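Colleague: Chain by chain, the residues run as shown.
There are 2 protein chains.
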Amino acid sequence: MTFVNAKHAAGRSRSSRIVRIALAQVNTTVGDLPGNTARVLDFLGRARGMGAEIVAFPELVLTGYPPEDLLFRPEFIDQNMAALDEVVRATRGITAIVGFAERAGDLYNAAAIAHDGEIAGICRKAHLPNYSVFDEFRYFRQGRTPFVLTRGPLTFGVNICEDIWLPSNPTQLAVYGDAELVINLSSSPFHMGKSVARDRMLATRAMDGVSLVAFVNTVGGQDELVFDGNSRVFGPRGECLARAKAFEEDLLVIDLDLDQVFSARLKDPRTRELSQREDAGSPLPIVPLSRLAEPERAPLKPLPVRTPDGPEEVYEALVLGTRDYVRKNDFAHVLLGLSGGIDSALTCSIAVDALGASSVTGVFMPSPFTAAASGEDASALAANLGIQMLTLPIAEEMEAYRKALAAVFSGMPEDVTEENLQSRIRGNVLMALSNKFGWLLLTTGNKSEYSVGYTTLYGDMAGGFAVLKDAPKTLVYELARHRNVAAGGRAWIPERTVTREPTAELRPGQKDTDSLPPYDVLDPILRAYVEEDWEVERIVAMGYDRSLVQRVVRLVDRAEYKRRQAPPGIRITPRALGKDRRLPITNRHQPWRD
Amino acid sequence: MTFVNAKHAAGRSRSSRIVRIALAQVNTTVGDLPGNTARVLDFLGRARGMGAEIVAFPELVLTGYPPEDLLFRPEFIDQNMAALDEVVRATRGITAIVGFAERAGDLYNAAAIAHDGEIAGICRKAHLPNYSVFDEFRYFRQGRTPFVLTRGPLTFGVNICEDIWLPSNPTQLAVYGDAELVINLSSSPFHMGKSVARDRMLATRAMDGVSLVAFVNTVGGQDELVFDGNSRVFGPRGECLARAKAFEEDLLVIDLDLDQVFSARLKDPRTRELSQREDAGSPLPIVPLSRLAEPERAPLKPLPVRTPDGPEEVYEALVLGTRDYVRKNDFAHVLLGLSGGIDSALTCSIAVDALGASSVTGVFMPSPFTAAASGEDASALAANLGIQMLTLPIAEEMEAYRKALAAVFSGMPEDVTEENLQSRIRGNVLMALSNKFGWLLLTTGNKSEYSVGYTTLYGDMAGGFAVLKDAPKTLVYELARHRNVAAGGRAWIPERTVTREPTAELRPGQKDTDSLPPYDVLDPILRAYVEEDWEVERIVAMGYDRSLVQRVVRLVDRAEYKRRQAPPGIRITPRALGKDRRLPITNRHQPWRD
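Top to bottom, those sequences are chains A and B. Position in the first sequence counted from 1, then plus 2, gives you our numbering. Position in the second sequence counted from 1, then plus 2, gives you our numbering.
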């Protein structure tokens, strides 16, 4: 629990203009209406126990986010409405703001403002994101009517996620002008750099409205997405008054001094202009909540907070995304292939940090092309991390396939077919262990490989969850080095794994650079093309060889069919290889052509 | 080419109110701007040669449909604008209506009306579908301004696909009131029953507006989608005046008698009301196209047309979808596993009808559990269809895996692990052939199996294209029987394949009904749940056992992770297991619970 007091004296008088609010940064599970409701009730009780007058929960907290096509199921909407009723009944002595899917003729992404057992108002999301990973026009009708409520001395507005990202229409802006506090309910997923941009925007909104802005975000992993939490409260000059934890559940409780807002507004009367809407001369209708007797409560003590960034933040996102995928899908144990290379080592490290060493099994599957160093490094990793390692050579299976196919392949040279077979034998062995023991298979490929198709469908792409799917190879190295530093004196990822030249070891002496440019050349090209949609010309202008850029772009486009059958993985960049990137397989566009 | 004359005399006078229009039902390829442009120019030339005054092309004909995230690439939009210029320059003596992506500050799904080398107007799609397989809010801004044009005696309006599906706003309706002809450019994908509903709607629109309605649709396969063509012209009483072919390219040329519309309107003056819009007292602005000298042209001769329906229509959709996926992805040859069962037999039959027998290889991979009847039926099928068949037993690979895993599996009973291994060995063998020879692997699973997860990931689910992915097992039988009837006297799918009880043959004596209810019980439950989102209660009320329904619903939900890694397949129902069904994998909703 994070406690912050913006300003408090040893005691408080009843007439004070200080309001205590709580932001419940909860980790929900999509579809788990009973579980999510229980979690909301638990945090609501804790907020009440802390003396909070208002407790706010994230966007669609009852359904989990994003519920996707579950929203088409009538019984799902029913259960979510019933869950809301249950929460409303529990709001004796406290105001709760709860995200849910409102069925009212059509469906709305909504927030109920519940108070003392009744719903005082319902706020409907006005701006529905339908870009990147979002499909909200598929499900919801847009809300049209913002409103403002009072609770004792406090006048506050509520809006939902995207509503605060847009500079907005005059009516929406009026909320900032009329309310002293705007509470934003979000399910805002992580990617690198997002929390900085988000904090900057929230601070600007608070300053624009000369108001307090409280942002409460979901935390946790859901398939491709990780929600980072990082709930915040900003003051009327854009200053950050309080921060919740990153990548963990938290209940952020803070005392808000409304006189601070009032006095700032008198000095900066822009809010009067914001309240002058084009469509009405009068302020927004204000919904009053009855004033309760002020609860007895102890003053809050501040706790230090830290701002996460860099590889630490990404590593935490990967750990949380992995832990939640495994646990929310009811697995107790994972396995993965260990090659002695960096991708499987980092994936293993993340799995151990997410689940504990006793829940992770590594499988080393040498072929005749596997170097001794690979086995040594895989064993060292397993020993360092304290996991079980199985060694299952694949030479016999290779020979069985060779014999079975000898007649059909007669007279043809060996090629990528035989390399893929090795990879697919390993995939089969891992899936057999997964089936027999009920373990989830983690896939170890990185974003650079997935982008250019340097992977084997049903081979090293086999598995339920691809931890590093959105991590470019250069970032994989950075994360491994970060984790080794964090391990302090303790040996973690073997040094040779980090320094050795990458190889798939599917034929004698093979190196990644036989097929691909060095990763420090490849990754910036991929970022420009895959994440930024840059044209070949523009990438070449960065200083890269034209024919190399053309080759890379062509590889990316030609591998679309493989990615379509890839397992989901954790999104950590602004555009991952998942539902935020929707390209046709059948596609004759040839941007690599001169 | 389909020629229809609504009404014509042996000769025509210059003063006649008869206009000849052409609907160019072309098969484009997504991303192939040069190829699509060449096709448009070819059809434009043919329409001119036929004496048509107007030629209309489908929605987004230059980019292909749906271009998906290619629309985010600047050079793609550039090339599409350049392609439009090229088409516009070719409109000497003819009016062409051409779908393209218009870059004008933002992006619009648009149609250019080009005439004599110049653009006379641009119509922007107003209603952007964002449901089912459609994501148009992701890419486009909504158009706001409908307009009407004249060409000599003809006053016509243009709109795009979804625009005609909605009863629409007053301004849109005015188009129907002001124009004698409404031309709708569509890329409207097939599913069972769609063309009947579409024709009914188009006839109603024509009757409502007392106008002519010309509907020009894309034809061809694009990943999951098949566009059925079926372009149409309807008269002012809702009568169908002309039909283009289904599932084939076509140029539909028809003489429209405008006096028929004029006279119908005088008797039925509803159109005057439609033209009285709320937002303006005057009719829509009319853009005149200069009147050209009337071309010399021969009168048209009517051709008989047929209305497709039932299994024949579905079979044609599957053939076209398969042919286009294979060809547009530049494959010359396909392979598939033959088990002696009905799914692989029907897939094989579709492949042969799509590509010819010499482009198809069947692979029979017996295990010790394979019955003699299976081999006989696979061989009979290959002989009947005239394809090459390879026989590659898998016993040696099974033994190699058994030995490799013996120590780890020691003391544990055989279970689904060993069954999956067999299936995955077959997947590997097929992929090895695919890799070595450059053949595309067709997957043979049906919708019933994919729905309940009665499939092996990386095993029988391996492949590039799943022909029957949206065909429930009962429909698979219906399609096989249909095709056998269509074969006339010639032996096609062996009778025993159609009549034998379904089995996966992964253990001795196994039958599908060991794990699943009979398909004639399963399929209606699946349709209700997967396609219609019915609740368990409602399905039980159809007369099914509650615990059975609960079991089926649970199986469907638990198999989501497999479907996420499935190859694409052809959509033939209103909801397939593709991009029209977006469910979370991590999902604790349990609609099967009491």
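Just so you know, these hints were derived from the structure itself, not from any lab. As the structure is a computational prediction, the values presented were derived from the model and not from experiment. Worth double-checking, as some hints may not be accurate.
Subject to a maximum C-alpha distance of 20 Å in a straight line, what follows is the list of computed SDA-like cross-link-like pairs (lysine to any residue) [stated by the list, open to error]: (1) B/K438 x A/E138; (2) B/K564 x A/V418; (3) B/K581 x A/V418; (4) B/K196 x B/T575; (5) A/K564 x B/T575; (6) A/K269 x B/N437; (7) A/K564 x B/K196.
So the derived list for chain B, only partly shown, Cβ under 7 Å to chain A, looks like this [claimed, not checked]: (8) F74; (9) K330; (10) A402; (11) R404; (12) N430; (13) A434; (14) Q512; (15) D516; (16) L518; (17) S549; (18) K564; (19) R565; (20) I587; (21) N589; (22) P593; (23) R595.
Just so it is clear, CB atoms sit at the ideal spot from N, CA and C, and this is done for glycine as well.
Colleague: Each hint: holds or not?
Modeller: How the hints compare with the structure:
no. : hint            : verdict
1   : B/K438 x A/E138 : violated (44 Å)
2   : B/K564 x A/V418 : violated (26 Å)
3   : B/K581 x A/V418 : violated (31 Å)
4   : B/K196 x B/T575 : holds (9 Å)
5   : A/K564 x B/T575 : violated (25 Å)
6   : A/K269 x B/N437 : violated (73 Å)
7   : A/K564 x B/K196 : violated (31 Å)
8   : F74             : holds (5 Å)
9   : K330            : holds (5 Å)
10  : A402            : holds (4 Å)
11  : R404            : violated (10 Å)
12  : N430            : holds (5 Å)
13  : A434            : holds (5 Å)
14  : Q512            : violated (17 Å)
15  : D516            : violated (18 Å)
16  : L518            : violated (19 Å)
17  : S549            : violated (18 Å)
18  : K564            : violated (10 Å)
19  : R565            : violated (11 Å)
20  : I587            : holds (5 Å)
21  : N589            : holds (4 Å)
22  : P593            : holds (6 Å)
23  : R595            : violated (10 Å)
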